[in-house]
Every structure is written in C-alpha cells, then in structure tokens.
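Model the full structure from these sequences, guided by the hints.
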Amino acid sequence: MTRGNTQLLTHTPRGLYCAVGDFYVDPWRPVDRAVITHAHADHARPGHKSYLASAPALGVLQTRLGAAAQIETLAYGEIRDINGVRISLHPAGHVLGSAQVRIEYRGEVWVVSGDYKLDFDPTCDQFESVKCDTFVTESTFGLPIYRWRAHAEMFAEINDWWAVNAAAGRSSVLFGYAFGKAQRMLKSVDADIGPIFCHGAVEVLNRAYREAGVSLPTTQMISDVDKKFDYSRALVVAPPSASGTPWLKRFGEYSDAFASGWMAIRGSKKQRNVDRGFVISDHADWPGLLTAIESSNASRVLVTHGQVPVMVRYLRERGLEADALETEFEGEGGAEQAEVLAMDETPSPVSPSRAEDTDGLVDHHEPNPSSSS
Amino acid sequence: MKAFADLYTALDASTRTNDKTAALVAYFNVAPREDACWAVYFLTGNRPRQAVPAKKLHEIAADAAGLPLWLFEEAYDSVGDLAETIALILPPPETASMLPLHHWIVDRLGTLRKLDEAEQKAALLRYWAELDQHQRFVFNKLITGGFRVGVSSLLVIRALAEVTGLDAKLISHRLAGDWQPTPENYAALVSLDAQNFDVSKPYPFFLAHPVDDAQSLETQLGDRADWQAEWKWDGIRGQLVKREGEVFIWSRGEELVSAQFPELIAAAKVLPDCVLDGEILPHKDGQVMPFAMLQKRLGRKNPAKKILSDAPVIFLTYDVLEIAGEDIRQQPLHQRRDRLHEIIYSVPRAGDEHNLLQLSDIVRAPSWATLATAREESRERGCEGLMLKRRESVYGVGRTRGDWWKWKLAPMTVDAVLVYAQRGHGKRASLYSDYTFAIWKTTGDTRQLVSFAKAYSGLTNEEITTVDAFIRKNTLEKFGPVRTVKPELVFELGFEGIQRSKRHKSGVAVRFPRMLRMRTDKRAEEADSLESLVHLLGPDVKS
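Each protein sequence line maps, in turn, to chains P and W.
Take the numbering used here: the final residue in the first sequence is number 375, and no numbers are missing along the way.
Take the numbering used here: the final residue in the second sequence is number 547, and no numbers are missing along the way.
Any given hint might turn out to be false.
[Stated by the list, open to error] Cross-link-like lysine-lysine pairs, in silico, BS3-like; alpha carbons within 27 Å at most:
hint, chain 1, residue 1, chain 2, residue 2
1, W, K412, W, K445
2, W, K490, W, K477
3, P, K272, W, K458
4, P, K272, W, K477
5, W, K482, W, K412
6, W, K509, W, K445
7, P, K272, W, K6
[To be verified] Residues of chain P clear of chain W, computed beta-carbon distances all greater than 12 Å:
hint, residue
8, T12
9, R47
10, P146
11, D325
[Stated by the list, open to error] Chain W regions said to be covered by chain P (calculated; three or more residues, Cβ under 8 Å):
hint, region
12, 14-22
13, 65-75
14, 81-92
15, 108-118
Hints in this document: simulated from the structure, not taken from any laboratory.
None of these values were measured; they are calculated from a predicted model.
Even glycine gets a Cβ: it sits at the ideal position worked out from N, Cα and C.
Structure follows, in structure tokens:
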C-alpha cells in the first residue's frame with residue numbers, strides 16, 4: 003500500500019493498524035486496543051477490549067457503547083506514548099469529541115483525520131490543522147459541486163422556514179442525523195420562534211451533549227408529550243429513519259425538511275420527498291478538503307471514504323503523492339453507492355460500513371421511530 | 005431574472021399545489037407584461053432552442069471553474085443534469101444582475117446562438133459572473149434547451165385566473181394554440197375585454213380517465229343507457245378549426261399541424277364554420293392502418309405526393325365544440341353528437357369510405373356485458389379499446405374525472421431481459437432508471453439476446469433503487485452514459501401494439517412499452533423468445 007521505507011499504518015482485515023505501537027485506528031473487527039476518531043457507529047464499533055478517545059468524546063461514546071466499554075481519554079493535544087509511538091488527538095470539527103489522530107514515530111508524522119469539517123459548528127471544537135508527512139483524509143464530498151455556504155446563512159434559511167410554518171399554523175419537522183447534526187441544528191436555530199421537540203434517538207444524545215457542557219436550547223422528548231398536544235408552532239427534530247412513518251401523524255399538518263450535504267443536489271432532494279432540503283453537512287466540502295490537505299503540509303495523502311479515485315487523480319495532477327487507502331467495503335461505487343444505500347434506510351446488520359457514513363443517513367443505533375411512540 | 009429564478013425555485017421546491025399556485029400568483033401580480041409573457045410561455049411547456057452545443061458548454065464551464073475536463077465530467081456524472089452541474093461548479097458571482105427577464109431572453113439568449121465560439125464563451129463567462137446559483141441554474145436550463153419545471157399549464161392558468169378574476173376556461177382558450185410570448189399577447193391573455201379574438205384558436209382538449217378494471221362497470225358508471233361508447237383509436241388526437249373560411253388543424257399538444265396534412269385542409273373546405281374534435285388516422289383502402297404509418301407524416305411540412313399516396317390519412321370526428329362562432333361545449337354530448345352528425349352528413353359523398361372526414365361509430369352493445377364482448381374485438385379492428393362518454397356530459401377542460409373514460413384492452417406482455425441502462429432525468433437523474441430490454445433470438449444452434457424495446461416507467465422508487473444498485477454492481481462496459489449490464493434481471497413488459505421494424509435489431513418494434521413487474525422468479529434463460537413476439541404480430545397487423 004505505501005511506498006518509502008516506513009509503514010507506520012497499514013491496511014489489515016481488522017482495520018488501519020500501527021504495528022510498532024500495536025494499536026488500531028477505528029477498527030471494524032474486535033481488537034485489543036482501538037484509537038477512536040469519533041463516536042459515529044462506523045468508526046466506534048462495540049467489542050474492543052480498550053478504547054482511546056478524546057476527553058470531550060467520553061460521554062457520547064459511553065452512551066453509544068454502553069457503560070461496560072473500557073474508555074481511556076486524552077485531552078486535545080495531550081501526548082500518549084504507546085510502545086514508543088507518540089499519539090495525540092486534535093480537534094476534527096466533525097462532531098462533539100471528534101479527533102484527528104496524530105501518530106509520530108522516529109520523527110515521522112502521520113495524521114488520520116477521521117471525518118472532519120472546517121466550517122463553524124457551535125457544538126464542537128474547530129478543526130485544527132496539524133502538520134504531518136502523511137495525511138489520511140476522508141472524501142465523502144470530494145467533488146467540486148459541493149461547496150457549503152456560511153453557517154449563519156444556512157441557519158437563517160432554516161429559521162425562515164420554521165417561522166413561516168409557525169405563522170401558518172403547521173409544525174416543522176426537521177430530519178437530520180441523531181448524533182452531531184441534530185445537536186448542531188438545535189444549538190443554531192432561533193429558539194424564540196417556538197417550542198422544540200425531539201425524537202427519543204435525538205434526545206438521548208442531547209443529554210450526553212449537555213452533560214459534556216454543551217448548552218442546548220430547551221427540548222422535550224416527544225414520547226413525554228401528551229398525544230393531543232398542538233404542535234403547530236413547534237420544531238421537531240428527528241432522525242431520517244422517522245421520515246414517512248406513522249410516527250409523524252401526531253404533528254397534524256406539517257412541513258418536513260431534511261438536512262444533509264446531499265441536499266445540494268436536486269435529484270437527491272427530490273428522492274427524499276420532503277418539502278425542503280437544507281444543505282448542512284458535518285463533512286468538509288470540496289474547498290474544505292483541499293484546504294485541509296494543503297495546510298497539513300503533507301507530502302503524501304491517502305484518500306479514503308467517498309470519492310477516492312477522483313481525489314487521488316486530482317491530487318496527483320497537482321503534484322502530490324496520493325493513493326487510495328482501502329477500507330473494508332470500499333467498492334467501485336464509493337460515495338455514489340453509499341448514496342444509494344443511504345436512500346434505502348432499512349437497517350441491516352450486513353450493510354456496508356460506508357452506508358452509515360454518508361453524512362449520517364443511516365444509524366444502526368437509532369431505535370425504530372415507531373417504538374418510541 | 006431574479007424574480008423568475010425565485011419563482012422557478014419556489015415551484016421546484018414545493019410538492020404542494022397550493023404553494024405553487026401562491027408562488028405563481030405572487031409572481032404574475034407584479035411581473036411587468038414584458039417579463040410575464042416569457043414566464044407564461046416557458047411555464048406552459050415551451051422551450052427555447054439550444055443556444056450552445058452541450059459539448060461546448062462542458063468545456064466552457066470546466067474552464068470557467070478552473071477544473072480539468074475529466075473532473076467536470078465526474079461531477080456531471082454524479083449530478084446527472086448539465087445545467088445544475090454548471091450552476092454548482094462555478095465560483096460565486098461577482099455582481100448581481102438587475103436585468104429583467106425579457107432582456108436576458110431577447111437580448112442575451114436571443115443573440116447567443118449567433119455568436120462565434122470565442123464570443124459565445126466570453127458572453128457566457130460574463131453572464132455567469134452576474135448570476136447566483138439559482139439564477140445560473142435557470143439560465144443554464146434556458147441555454148441548454150432543457151427548461152422544465154413541475155407545474156402544469158392548468159396551474160398557470162388557474163393562477164392567471166386568480167390574478168385577473170377571469171374564468172380559467174377563458175384564459176385556457178386564449179392561451180391555446182400557437183401562443184407567442186409578446187407583451188401584447190400577454191395583455192390580451194389577461195384582458196378583461198372579450199374581443200380581439202384570434203380565428204385560429206382551438207379549445208383546450210377534454211381528456212379521459214382510465215377505468216378501474218378491478219371494479220364492475222355497473223358499480224363505477226351506473227346505467228349503460230347513460231353512456232355513449234365509441235372505439236378508441238390510436239392516432240393523433242386533433243382539433244379541426246374552421247372560422248371565417250380558414251381551416252386550421254391542431255394536435256393535442258396544441259401544435260399547429262395544418263401544413264402536415266394538406267389533404268385534410270382541402271377536405272374541410274366544404275364544411276360550415278365549426279370546431280371539430282377528432283383523430284387523425286392513417287387510412288388505406290377503407291381501413292385504419294397501424295400508427296407506424298402515420299409516423300411517416302409527422303414533422304413533415306408540405307409532404308410530397310408520394311408520401312401523401314403512401315400514407316394517406318382521414319380525420320375521424322368525435323365531437324363538435326363550436327358552430328358558426330357559437331361555443332356549444334356546455335350542451336350535453338348527445339345534442340352535440342346530433343349536430344356533428346348533421347355537419348358530417350351535409351358534406352358531399354358523406355358516408356363514403358373514401359371521404360376524408362368521417363364520423364366515429366357508436367358501439368351499440370346494449371349492456372355492459374355485451375359491450376365487454378365487443379371490446380374484445382378491439383385489437384382485430386386496430387383499436388386500443390373503448391371510449392365511454394356520459395351522454396349528458398359537457399365538453400370539459402383537461403382530464404376531469406367522472407364523465408369521460410377510456411377502457412383499454414389489457415396490454416400485450418412479454419418477459420424480457422435488462423441489457424443496457426442509462427440514468428434518468430429530473431428526479432431520477434442520479435439513478436439508472438432508463439432501460440433497454442432484449443429477448444432471445446435463435447439462429448441455427450445459437451441463441452442470443454437481441455434488444456427490442458426501451459422502457460423507463462412502471463417501477464416503484466424502491467424497485468428502481470434495487471435495480472440501480474444491481475446495475476452498478478453488474479456493469480460489463482460503459483459507452484458514454486450507457487452501461488451494458490450483465491443479462492440477469494427479467495421484467496414483464498407491457499405494450500399496446502407491435503410492428504415489424506427495420507430499425508431494430510430484433511426486427512420488431514413495440515408501442516408504449518413499460519415495465520409491469522420484476523420477474524424475480526425467472527432467470528434470464530427463461531425470458532421470452534423473438535418467435536413468441538413475432539407470433540403476437542398476428543395476421544392483420546403485418547405491414
């Protein structure tokens with residue numbers, strides 16, 4: 003996989019492995035020591051003997067993995083020596099506690115970015131550029147059609163939608179990934195417009211966020227609310243899997259919207275069959291990916307998760323040493339395939355890992371929406 | 005341009021009719037007539053001609069975005085829509101254009117086609133730099149000639165009726181025909197004054213709903229005696245307008261087709277002033293011919309004598325909508341039928357099989373049961389089934405439920421194998437949803453798949469998603485946008501007619517093919533053969 007005389011990290015059937023340090027980064031099969039970039043289901047899997055993650059990730063990670071999981075934490079920037087390999091974690095700006103893993107051995111530095119974004123997000127630390135020799139980057143939105151607008155502009159649009167609905171006496175149902183996206187939206191909307199309610203899957207994570215010191219507006223869990231409640235001025239935040247289910251009946255007349263980077267494309271929006279699509283992503287857009295790669299100063303880039311061949315070819319044409327980093331289910335389709343899988347939200351234990359990573363369209367940990375009613 | 009792009013975005017964003025109507029009303033309330041005429045023109049289904057070849061647009065856009073062409077193609081492949089890809093890929097605008105829509109259309113779009121390549125490129129770069137993403141998208145849709153939006157003409161008409169306080173039927177009638185986007189025509193369209201009438205104007209067509217086969221006709225329609233039954237023909241539905249001695253023929257798409265059918269124009273000279281609804285049918289030696297014969301006549305203005313004698317047509321009349329300037333659409337059907345009978349039989353040599361103007365037969369079967377038996381003859385007669393019209397019905401507008409029904413024969417079917425796939429359009433731009441199907445052909449000892457039909461409708465969204473995933477995993481080759489797919493999936497296709505065709509590899513062509521269902525229970529080897537399809541040609545329809 004790699005050229006040169008060092009192979010600090012190698013691709014193995016269990017995941018990305020550091021042989022000298024004897025640890026894995028976001029492994030997908032059970033291992034003794036796992037360094038975790040963030041708590042999304044396809045990065046933080048259950049069953050490892052020990053976990054190392056960032057301190058702010060502890061609450062959400064424990065929520066998702068259960069109390070029995072052995073989780074050690076590092077503050078951002080704190081260095082841990084494992085078998086002579088120096089490990090530190092640095093903010094990735096993706097979700098609460100998300101980290102890039104910096105790995106240094108005998109003067110050579112690798113950074114595994116995990117999922118990241120450069121945009122402002124009030125619920126987690128801002129992405130920090132870390133200098134390195136080899137940079138492992140994601141590429142979920144690695145095409146020049148993806149350019150996010152400023153945070154404030156996007157949320158002004160959501161606030162307008164909610165306010166217009168409230169004035170017209172219909173509730174506003176906003177679908178977004180239960181962990182990360184949902185809290186970012188809750189924190190960013192104008193809570194003066196009306197009351198806010200959350201699906202159970204979202205509320206569980208709200209609790210973890212609040213306990214980690216992230217203040218969120220007051221929210222109420224739907225299952226705690228009287229069934230006859232009048233939601234006409236309310237904003238309801240729910241996971242995508244609740245879309246099109248009978249769970250929504252209680253909201254009476256409603257307008258629904260879906261928040262995801264995929265909403266940048268009209269076709270994806272139309273397939274969702276919602277009234278509105280808001281282009282809000284917790285992944286880097288095209289300019290963001292290029293900026294992160296460039297500011298890492300890395301002489302070599304390994305591309306994973308998404309538009310791999312496109313990014314590799316583009317970076318090579320720009321004179322960088324770039325290669326694909328295989329992951330478990332990286333097929334010909336890449337993100338394209340994932341997009342398709344994501345449309346079909348049937349949780350399945352054998353569905354490829356990429357499906358879960360497409361801006362969080364699928365989350366196996368989300369309870370069935372009908373079960374919370 | 006901004007107001008129109010905002011309107012387009014609002015229409016595109018919502019799936020609710022009320023939202024769409026409200027957006028249209030808001031637009032037409034304030035739009036100056038110079039702009040409003042273009043909005044009406046585009047929103048009722050007219051498209052500008054392509055101003056810049058698509059290939060050139062790819063190159064210019066890639067260049068403007070500072071990207072290699074291959075990367076632009078990757079982006080396009082992912083988005084599936086050229087206008088949208090360009091809108092997404094360009095850097096943000098430098099200035100905001102305040103130019104009104106008509107200026108963009110007439111002065112900019114109108115001249116773009118005439119420029120040479122370098123000038124076209126310079127102009128496009130300048131225009132794009134003035135437009136934000138939504139406006140760029142709409143502008144690009146206009147230059148690629150692919151302008152489409154999710155509103156029906158009916159909705160535009162309803163909005164204009166609301167804006168003006170006029171009756172929607174009046175607006176609809178004024179808009180019918182070859183309506184040209186000029187400020188004067190817009191003024192006439194919304195004018196409260198009923199004068200200044202264009203003599204060529206057709207009426208909006210009244211269309212039928214399919215009957216629900218699951219229920220008995222008795223339950224659905226009541227007493228057989230209340231209904232007029234006619235054969236349902238497969239030709240071109242048309243309106244023959246004769247006013248002040250001039251004759252015009254309109255197709256159902258409200259396209260003026262007079263020049264394509266000079267013999268009908270000549271035959272109509274003997275008619276009194278009237279407007280007739282009917283069907284243009286290929287007709288030879290006293291018999292209706294298959295639709296394919298009519299295809300030779302389509303799009304061919306002032307056809308040569310040879311074509312006229314090879315593919316002769318008649319106008320089979322169904323209804324009369326206006327007599328001597330009087331709109332009689334509100335009279336009941338049985339009265340209109342009597343008047344139609346009078347008109348046709350006042351023509352010299354009426355009833356003669358060589359007459360080009362004929363009267364649609366009424367199917368006399370006295371009960372629903374006997375009518376059902378008669379319907380079984382449809383295919384033999386070259387018909388698609390029956391039309392059922394309530395004898396008391398007025399001639400309505402569009403596809404209004406209740407009074408007019410089409411009772412078509414069940415389609416012919418064949419089990420075929422999916423062999424090629426292409427991405428769809430619009431909502432399905434990112435999915436492989438347009439398919440080519442093949443059946444088995446035996447030559448000597450070998451059996452091979454030959455393609456014979458394309459279809460893109462009939463599957464549910466879930467099924468399309470499944471098939472799309474299969475295609476991506478089982479692509480054998482790519483030719484531009486087309487993927488050759490491992491021949492594995494079998495579908496039951498339905499179609500309305502079948503003809504021999506030299507253009508198709510299989511030697512046959514089917515009409516209106518669509519997917520009825522996936523045959524997950526069948527393997528590719530078990531799909532139908534060409535022989536079975538040829539058998540369906542039957543003795544009568546061979547040509």
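Each hint tested on the structure:
no.: 1; hint: W:K412 / W:K445; verdict: violated, 30 Å
no.: 2; hint: W:K490 / W:K477; verdict: holds, 9 Å
no.: 3; hint: P:K272 / W:K458; verdict: holds, 24 Å
no.: 4; hint: P:K272 / W:K477; verdict: holds, 24 Å
no.: 5; hint: W:K482 / W:K412; verdict: violated, 39 Å
no.: 6; hint: W:K509 / W:K445; verdict: holds, 10 Å
no.: 7; hint: P:K272 / W:K6; verdict: holds, 23 Å
no.: 8; hint: T12; verdict: holds, 28 Å
no.: 9; hint: R47; verdict: holds, 24 Å
no.: 10; hint: P146; verdict: violated, 5 Å
no.: 11; hint: D325; verdict: holds, 18 Å
no.: 12; hint: 14-22; verdict: holds (count 5)
no.: 13; hint: 65-75; verdict: holds (count 5)
no.: 14; hint: 81-92; verdict: holds (count 7)
no.: 15; hint: 108-118; verdict: violated (count 0)
Consistency with the previously given hints fails for numbers 1, 5, 10 and 15, ordered from lowest to highest.
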